[in-house]
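Residue numbers (the numbering used here), protein chains in the order written: chain S, 1 to 291; chain W, 1 to 278; chain F, 1 to 299.
Treat the hints as calculated values from the structure; they're not laboratory data.
Values in this document were obtained by computation on a predicted structure and should not be read as measured data.
Cβ atoms here follow ideal geometry from the backbone N, Cα and C, with glycine treated the same way.
Some hints could be false.
Every beta carbon over 12 Å from chain S, so not counted as near; a handful from chain F, in silico [claimed, not checked]: (1) P52; (2) T60; (3) T63; (4) F105; (5) Q142; (6) Y268.
Below, computed lysine to any residue pairings styled on SDA-like, alpha-carbon distance capped at 25 Å [what the hints assert, rightly or not]: (7) F:K194 - F:P204; (8) W:K44 - S:V32; (9) F:K143 - S:Y100; (10) F:K115 - S:A276; (11) F:K143 - S:A276; (12) F:K194 - S:A276.
Listed below are the residues making up each chain.
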Amino acid sequence: MNRLRPPATRPPSRTLEHGFRWLCLLAALLPVAVLGVLLFDVVRTGIGRIDVQFLTSFPSRRPEHAGIIAGAVGSLWLVGLTAAIAVPIGVGAAIYLEEYARRGRLATLIEVNVSNLAGVPSIIYGLLGLELFVRALSLGRSLLAGALTLALLVLPIIILSTREALRTVPRGLREAGLALGATRWQVVRQVVLPLAIPGILTGSILAISRAIGEAAPLVVLGALSYVDFLPDGPMAPFSALPIQIFNWTSRPQAGFAVNAAAGIIVLMATLLVLNAAAIITRNRMQKRLGR
Amino acid sequence: MQTTVDSDACLSPPYRTMEPAQMSNPGVAAKLSVQELSAWHGEKQVLVRVSLDLPEHEISAVIGPSGCGKSTLIRCLNRMHELVPGATHRGSIQLDGEDIYASGVDPVLIRRRVGMVFQKPNPFPTMSIRDNVLAGLRLTGMRPGDLDAVVESALQQAALWSEVKDRLREPGTSLSGGQQQRLCIARALAVEPEVLLLDEPCSALDPIATTRIEDLLGTLRERYTIVIVTHNMQQAARVSQQTAFLLQGELVEFTETDALFTKPKDKRTEDYVTGKFG
Amino acid sequence: MARPASMRRSRRVGEALIERSMLGCALLSVVTTAAILAILVRQTGEFFAEVPISAFLFDTQWTPLFADKHFGIWPLLAGTFLTSAIAIAVALPFGLLAAIYLGEFATPRIRGVLKPTLELLAGVPTIVYGYFALVTLTPVLQKFMPELSGFNALAPGIVMGVMIIPMITSLGEDAISAVPGSVREGAYALGAGKLATVFRVVLPTALSGIAAAVVLAVSRAVGETMIVAIAAGQQPRLTLNPQVPVETMTAYIVQVGMGDTPTGTLEYRTIFVVGATLFAITFAANLLSQRWARRFRER
């Protein structure tokens, strides 16, 4: 057996291999570490700025008087409206593609379309929203126009993740339902959806968090960066958290950079909460389903 | 429907010269009558002009090597075949003399009259044992008055009642494999079908669970017409009155089970039942 | 033959209605694409009714907002190319090495932790990356490069590179994992070491998948907006110098979008012309990526 044991000193190729392995690991970890450092720097800069005044004030020419209330409330409106529009449509489209569509030209056309839309830059959606919702449909530079635009933007994400979720439901369960004399919709409603809901929910929350951080289409659409009132309905003009951050970042005075950092903390904290909620929802529901 | 695939070269099975095209058992009423049924998956033909009459209140077994079209045959009997993308068929099937593939016939209503149990036990994972039994009624929006009576009756028929009557609220997936399969039988029976199709119902089960299901089929025969697909010839011999032998999509022989196993008319049947292939 | 009612189609109106509405939802995506195309084509058409195509293609200046108007797309293309190239230069080595680690070295447990962690990079809003580029990274870089302007292509390029690493890693790993184990075993059986196997056998086999990943990353970098709008500047300039302010196509659209350009004017139409150019480039890149990705999946 001794002859098969590796020699005491590693041959150079083994050392090289070992080094390469560490290089690869480093390549995976370094960017994450960089992100960590950058975020830490933001927190250090901005955390002291977060107080009641900052959270409840409107924008101001003077950085120490400015706050995020207009942007935050605008973002809440946007997210609520976007979810209300995009989730039902996205889930419906996914159900059609997974449960109803027969293989054929129409299904292929829709599928190719959805995956291409997922790759269209967000700013193009801004141009679409500007021409279609703001001008053609005369919605003006309103929350509704913004939410419709964001809804179209996240629709492909919701469709793709819902399809994934539907695909995890075994085919045999659908057949069992159909063999009992249930219709397609009865099977979808009562067998498939209950099992797929955790996945659908997680995917939808992740899509919505994409919408929260999105600034480019809203800028093109004409979201405002200086708003001294809260929206009173979906037709109101609006600001949004990322727009506010964009505005502060672009200003030369140092005080606004601190505001931007504080705004980023609020934005990232919101995203963190949403993502945690997505994960917890999924885990809890999967436990309930005994999987 | 397809018209291209069948050529007469592959269509001259000897039985056709020996017997009339319709293989049937005279004297017994046919519950399901299959006539000249061909079926395809995409371009591949899996059934070649199969004709047979399945008698009422009897158990008919369908045997044959893997890929001979057994499953496709019974999936045509409740119109489940057409759910597979690219699946097509030709020919007709009559349930009590009515063509189930005629235009205007609702497959959903056919499936309520012709129930099915699958190879792998597939209770609905989100539902309790009780809800699984009631699934057919709930899914289809039927509301019978006494749900408890339905649950007990279906589970009694499936010989599962005594084992689960104290745990009806537990998930259906908490049962053993054999129990799950009997639960699936109970689920199929709860919608009161006339015909019960079983697609290799014991292939995922151990011998003891298999025996219980085979015993069960004997009693179910009094109320239902049963068609069972099996890859196990002994099982066919034990439970059925009629047996059909399929080979490469062709019906080679369909006759009384005893006769098929003891004095097969076709050489290929003889080779198969004596274990020369398959 | 008379059929009893029991087998005939019963009330399925609701059922058909549901299917129709689901189909409607699905068709909305087709309508969206059609609307994007219609809007871009229409506005672009009206733009070229006033500005000759030659001015768009051959002029080397882009100054539609000035009194002396020039409509040459090249400065914007150059800015886009420069920032994207820097991003790919950063993302490709890191993303690919990380993909190799995940596909060839990592145990399932490490993978389970590392993959979602890397995905975090793509989950951070681009506005936050923009802040990093302008407020954090540029001052740091200026310590080493005194020539570096406050707005430049380098810092946003690097930051954008970090952002698109997960895209290269994820698709690249798919491609590496899709290489059959038998191919690796064939190499090992010849006595090849891990390194030789990875570089001589696995990566060449996975090449089309890796190329798909890179092209997709390019498309993402070209379309990225906020990072470059914040940190690269707003000066359309035909240069490949990463140290000076430039303007990308996306940043130009943002610049006009923020101002109060009246609709229907030539200035207003320029953002759609630039948008159409951007759409064409990203669309072509996405198609190419899909084609190459399909090639490795089919094998």
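When the structure is checked against the list of hints, which entries are broken? Sort them ascending.
4, 6, 8, 9, 11, 12
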